[in-house]
Amino acid sequence: MGKITIADLEKIRESTKRTLNLRLGAGRAKITVHMGTCGIAAGARDILSAIMKEIEERKLIDVIVTNSGCAGLCSKEPMITVELVNQPAPVKYVDLTSAKIKKIFDSHIMNNEIVKEYAIAMGSEQTA
Amino acid sequence: MAYITYLMVCAGTGCVANQSMKIKETLIKELDKRGLSNEVSVVTTGCNGFCGVGPIMVVQPDGIFYQLLKASDIPYLVDEHFIKGRPVKKLMYIPDAKKPPIPKMSDIDFFKKQVLIALRNRGLIDPEKIEEYIAREGYSGLAKALTELKPDEVITEIKKSGLRGRGGGGFPTGIKWETMKKVPGDKRYVICNADEGDPGAFMDRSIIESDPHSVIEGMLIGAYAMGSSDGYVYIRNEYPIALERLLKAIGQAREYGLLGDNIFGTDFKFDIRVIRGAGAFVCGESTALMASIEGSPGEPRAKYVHTVEKGLFDCPTCLNNVETWANVPQIIMKGADWFTNIGTGDVTHDPWGGSKGTKVFSLTGKVVNTGLVEVPMGISLREIIFDIGGGIKDGKKIKTVQTGGPSGGFIPESMLDLPVDFDELTKVGSMMGSGGMIVADEDNCVVDMAKYFLNFTQEESCGKCVPCREGTKRMYDILENITVGKGTEEDLALLEDLSGMVVESSLCALGGSAPNPVITSLKYFRNEYLAHVRDKKCPAKACRQLNTYIIDEEICATLGHGCDVCTKSCPDYAIYGEPKKAHHIDQLKCHKCGACFDACNFKAIKIE
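These protein sequence lines are chains A and B, in that order.
Per our numbering, the very first residue in the first sequence carries number 1; after that it's consecutive.
Per our numbering, the very first residue in the second sequence carries number 1; after that it's consecutive.
Hints were generated in silico from the structure; no laboratory data involved.
As the structure is a prediction and not an experimental result, all values here were calculated from the model.
Glycine is no exception: its CB is placed at the ideal position from the N, C-alpha and C atoms.
Honestly, I wouldn't trust all of these hints.
Stated by the list, open to error - Residues from chain B shown here face chain A by an in silico Cβ test under 8 Å; the list is partial:
#, residue
1, Ala2
2, Tyr6
3, Gln60
4, Asp62
5, Ile134
6, Ile241
7, Gly265
8, Ile550
Just need the whole structure built from these sequences, with the hints factored in.
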């Protein structure tokens with residue numbers, strides 16, 4: 001890259017925004033993919049890839065994806081938990097497929113409407 | 001595919017020395033093996049400041065903090081955390097043995113109370129990539145200065161912010177810039193002083209290592225304001241990583257046209273040369289530093305004429321410290337009012353009226369969490385030592401904290417609620433200095449510590465002026481006498497006398513401040529001196545020549561069974577005793593080296 005202008009500064013900033021949001025842990029939405037042995041066996045990795053594809057296609061810069069262990073409901077894997085900053089409680093989706101992921105993005109992530117037919121519970125588990 | 005996880009591996013000097021580069025390599029290899037290279041990115045960052053628990057890695061976006069990593073931990077860590085989603089507890093920070101580990105960096109007390117301005121990019125960006133600096137609003141301050149502000153307006157803003165020199169002097173930066181601006185002359189210089197020489201201090205090294213572009217941007221803004229087109233960075237050659245990153249950053253800035261002619265398409269031009277210092281402490285003094293750049297011996301000169309009028313090559317020169325420069329872009333971008341919200345006092349009419357912004361300290365000594373901390377001015381010493389530093393090691397009691405490097409003073413426990421700013425620290429006889437902070441507990445002897453600092457300053461004295469060259473040496477000799485039991489009460493008066501003379505008549509600040517540890521320790525810990533000279537005893541039992549070592553026969557016989565380790569450790573053959581029975585020390589032969597005390601596994605050796 002040769003000499004840059006002030007406008008170029010802004011361009012560089014735009015292109016790195018997603019990276020920086022991730023590093024700061026700042027995001028509007030957080031998707032947790034449950035990746036215990038059961039989840040991985042049931043195809044959690046494909047679900048993760050599908051999520052990443054949606055994020056890239058939609059050019060989302062404020063959606064964080066992370067993984068966690070088994071949530072205990074092994075028969076309903078693959079599962080994800082979706083948290084939005086302006087929503088009171090996280091939502092757990094079960095028995096997922098790539099197509100369902102697309103729908104969850106369309107309505108829940110983008111429009112803040114929970115996809116009730118795929119969801120099993122709202123809220124976190126109690127910890128002692 | 002875009003990355004979903006970033007592994008921020010600390011590559012500051014401390015962590016690199018503890019093999020963080022090997023950890024990085026192992027991470028890349030293990031991630032690759034498991035096909036995760038497209039999802040998980042490994043980034044090397046500058047120093048995180050928590051050097052005591054290095055090597056450090058932070059997993060983002062979750063902010064999971066891993067410490068004390070070894071390359072052998074990595075395969076397990078990758079399996080557990082990045083495949084199965086289970087963060088590894090045993091590699092997390094544990095505040096104390098009774099408490100559970102803390103997974104998140106933001107929940108750890110050490111990080112919680114810090115406010116980052118100069119170190120705002122630490123741990124977040126790869127310091128070797130200019131794009132990442134730009135992504136964090138880098139070079140926006142420069143853009144704003146060049147397009148929206150006249151040079152005088154830049155100076156006004158810096159003046160309004162109340163920024164004071166972070167190298168130790170605490171001189172208002174805006175006034176320095178304004179004075180320099182008024183001096184006529186086409187050739188003028190700006191210098192960044194990165195010749196950090198205090199033992200145990202590494203603030204400037206860390207800033208350059210974690211964010212070199214912030215210093216370059218600060219210098220650019222200063223150069224624009226003061227009409228300079230030539231800059232120098234004088235950096236210690238003992239800082240290989242900082243030097244490498246600085247040179248790389250300057251190279252990138254040149255490539256991007258941020259250094260050179262017509263910066264951002266304006267008439268402004270500026271470039272930076274890097275001069276490596278050979279490690280002389282005195283070269284951190286502004287005039288000695290300039291002499292060194294000119295190729296002369298690094299010796300200071302009397303400052304009847306200030307360097308802003310006649311400095312480097314007899315041209316007007318503005319010298320600021322690394323941390324000062326690193327603050328400048330933030331002030332220009334966010335405005336002086338934002339900066340004055342942090343800190344103490346009121347600087348609206350008088351730039352000396354308070355201390356604004358933050359200060360970076362290197363917290364070392366007997367605290368639990370050692371490392372680099374950036375705190376708002378006005379925070380109390382107690383908060384720094386007990387909240388951020390986690391208190392004193394091994395449940396001991398604090399005796400004193402020594403601030404400001406080798407020429408700072410001792411502050412006793414009773415004054416720990418003192419707010420930390422330039423003026424308060426000076427009032428009690430210490431100083432802000434460049435930001436060293438050494439905590440001592442009840443096992444440390446202040447006379448011994450004062451001797452240590454005097455030894456450093458007398459060795460580093462350049463020898464140009466007599467008071468510093470001879471005075472510090474004599475003071476050191478007196479202190480040495482006191483610690484070996486040859487001191488008298490008259491020595492204390494002589495020490496005070498000498499201190500006053502060295503302070504008053506030395507040419508530069510090295511001699512002018514070198515007696516501070518002696519003056520303050522005599523003031524606050526006179527009883528300890530008296531115990532040394534009157535009773536020939538060291539209350540902290542640190543001056544070994546004043547100790548009498550004896551063996552507790554019962555412990556030696558019952559617990560140690562006369563293990564004989566002490567006999568073997570003694571260079572004077574002063575310990576005797578049959579195997580399996582209590583041993584004894586022949587006091588006539590004993591030279592009081594303390595080797596037996598260190599060697600005994602049963603704490604059977606007592607000091608009287």
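TODO: State the violated hints by number, sorted upward, taking the hints as numbered earlier in the document.
DONE: 6, 8
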